[in-house]
Structure formats: C-alpha cells, structure tokens
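**Q** Here is how the chains run, residue by residue.
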Amino acid sequence: MAFLTDQDAEFVRRRLAQEMVADVRLVFFAPSAAGLALPGEDFEIVEYTRQILKELAALSERLTLEEHSIISEPDLARQMKIDRVPATAVIGAEDHGVRYYGMPGGYEFVTLLELVLDVSKNTPPLAPATLEALAALPGDVHLQVFVTPT
Amino acid sequence: MRTDIVEASEFPDLARRFSVYAVPKTVINDTQEVVGAVPESNFVEAITAALTPPEPS
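Going down the list, the protein sequences come from chains A and B.
For the first sequence, counting from 1, position 131 maps to 131 in the numbering used here; every step adds exactly one.
For the second sequence, counting from 1, position 35 maps to 1035 in the numbering used here; every step adds exactly one.
Incorrect hints may appear among the rest.
[Stated by the list, open to error] Covered by chain A, according to a simulated footprint, are these stretches of chain B (three or more residues, beta-carbon under 8 Å):
(1) 1001 to 1008
(2) 1011 to 1018
(3) 1021 to 1031
(4) 1043 to 1050
[Said to hold, decoys possible] Partial list, derived from the structure: chain A residues whose beta carbon lies under 7 Å from chain B:
(5) Arg62
(6) Leu65
(7) Tyr100
(8) Tyr107
(9) Phe109
(10) Pro124
(11) Pro125
(12) Thr130
(13) Leu137
(14) Val141
(15) His142
(16) Gln144
(17) Val147
(18) Thr148
Calculated directly from the structure, the hints in this document are not laboratory data.
Idealized CB from N, CA, C, for every residue including glycine.
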C-alpha cells in the first residue's frame, strides 16, 4: 500500500516543482541490502522508511534516492557521520550535515519535505541576527532534535 | 554544525539518555537543551551557552 494518498502525492509534487532550486540526494542507510533482515533488526521500520523515500523521490526529477548499507559500507557511513540506522542524509549543492534518523512518517513527513526544500534552496530560513550569531560561534555544534510522528 | 533529527520512539537509548519526555526536544552538544518550539533567539542563547566553558567554581 502506498504511503502517500494520490491527493498528498499531487500536493508534494507541486511543491517540489515550484520550490526546488538545486538537485537533492536522499542518501539512505539501511542495516543491510534491500530485502535482507538481520536478527534483532526492526525490519518493518526500515522497509517503511525505504517506501516513503521511494515515493518522495518519484515525485521530482530533481530528487534522487541512493541506498547504502551501514554494515557493508562502514567507511562511507563514518565519512557521512552516520552511526545508526535507518538514517537519511539530505544533500543538495552542499552537505549541511542534516541527518534524519528513523522513519519520517506521519507528521514527520512534513519535516522531511521542508528539509528537502530548504536544502534545495540553499538559503537558511533564519533571521539575519541569528545567522550573524551562528557565524561568530567559536566551536562546532551538534544538534539532536527529538521528534515523534504523532 | 551537525543536525540529527531523531525519531525518539525508534531510538529509545538516545531518548532515555537525554530524558526526552516531550517533543520536539533539542539537545545541543550533549549539554544544553531546548524543549518545544521556541523563538530563534532562545536557540541561539542555548547554542552559545553550550559553547561557553563553565565558570570555574
């Protein structure tokens, strides 16, 4: 069964067409290659995540979906600073370091959609004073934003 | 800057570690936290605090 209804898919397709500027890659890391489950792995969550990303990527030619395995490609995962799965890196003209851990279902699909659009536009939706303060920070920042799909 | 969006129920170890009882909750450099949707200036304050070494006691 599709995750997006026809009506939702049409809405998303229109927003992507109107707002995307640069191409965006959805770089998805699963535990293992498609169709294989490891003991203890939450197979359903990985499958649903894969399905959601596939449906989203199909709605714009500017969006591509890549799939990797954290087990068979540990160097790539480390390089992308991905340490748990399922994980999705959303990368446009630049990698802004944003990773989505878990399934972007329910209301969190909107988080993923807005993230794709922001990354594609490559202009942060922040106030000038905020950008100035962030540019002056003396060190690295790691944000962990906890969310739930309901 | 690195940003991880974490689905709390799928990563209970992280949710427990950072005492996530309400969402959205943002943890900054493992030390500062912001709960709820707050104005940008509050985020900037918390980020700045996370990068400021504590006063020697």
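**Q** Look at each hint and say if it fits the structure.
**A** Now the hints, each set against the structure:
1. Requiring three or more residues with a Cβ within less than 8 Å of a Cβ of chain A, the coverage given for the region 1001 to 1008 of chain B holds, as 8 such residues are present.
2. Check result for the region 1011 to 1018 of chain B against chain A: holds, 4 residues qualifying (beta carbon to beta carbon below 8 Å, three or more required).
3. Chain A is given as covering the region 1021 to 1031 of chain B, and this holds because 8 residues of the stretch bring a CB closer than 8 Å to a CB of that chain, at least three being needed.
4. Residues of the region 1043 to 1050 of chain B lying with their CB closer than 8 Å to a CB of chain A number 5, which satisfies the three-residue condition for coverage.
5. For A/Arg62, the shortest C-beta to C-beta distance to chain B is roughly 21 Å, which exceeds 7 Å, and the interface hint is violated.
6. About 18 Å separates the beta-carbon of A/Leu65 from the nearest beta-carbon of chain B, more than 7 Å, and the hint is not met.
7. For the restraint placing A/Tyr100 at the interface with chain B, the shortest Cβ-Cβ distance is roughly 5 Å, inside the 7 Å limit, so the hint holds.
8. Interface hint at A/Tyr107: violated, since its Cβ lies 10 Å from the closest Cβ of chain B, which is beyond the 7 Å cut-off.
9. Hint status for A/Phe109 relative to chain B: violated, with the closest Cβ pair at about 12 Å, above 7 Å.
10. Taken as an interface hint, A/Pro124 does not check out: its beta carbon lies about 10 Å from the nearest beta carbon of chain B, beyond 7 Å.
11. Taking 7 Å as the C-beta cut-off, the interface hint given for A/Pro125 is violated, the closest approach to chain B being about 10 Å.
12. At a threshold of 7 Å, the smallest CB-CB gap from A/Thr130 to chain B is about 5 Å, leaving the interface hint in force.
13. With its C-beta approaching chain B no nearer than about 6 Å, A/Leu137 sits inside the 7 Å limit, and its interface hint holds.
14. Of the supplied interface hints, the one on A/Val141 holds, with its beta-carbon coming within about 5 Å of a beta-carbon of chain B, less than 7 Å.
15. Taking 7 Å as the C-beta contact cut-off toward chain B, the hint placing A/His142 at the interface holds, the least distance being around 5 Å.
16. A hinted interface residue such as A/Gln144 counts as satisfied when its beta carbon comes closer than 7 Å to some beta carbon of chain B; here the least separation is about 4 Å, so the hint holds.
17. Given the 7 Å rule on beta carbons, the hint for A/Val147 holds: about 5 Å separates it from the nearest Cβ of chain B.
18. With its C-beta approaching chain B no nearer than about 5 Å, A/Thr148 sits inside the 7 Å limit, and its interface hint holds.
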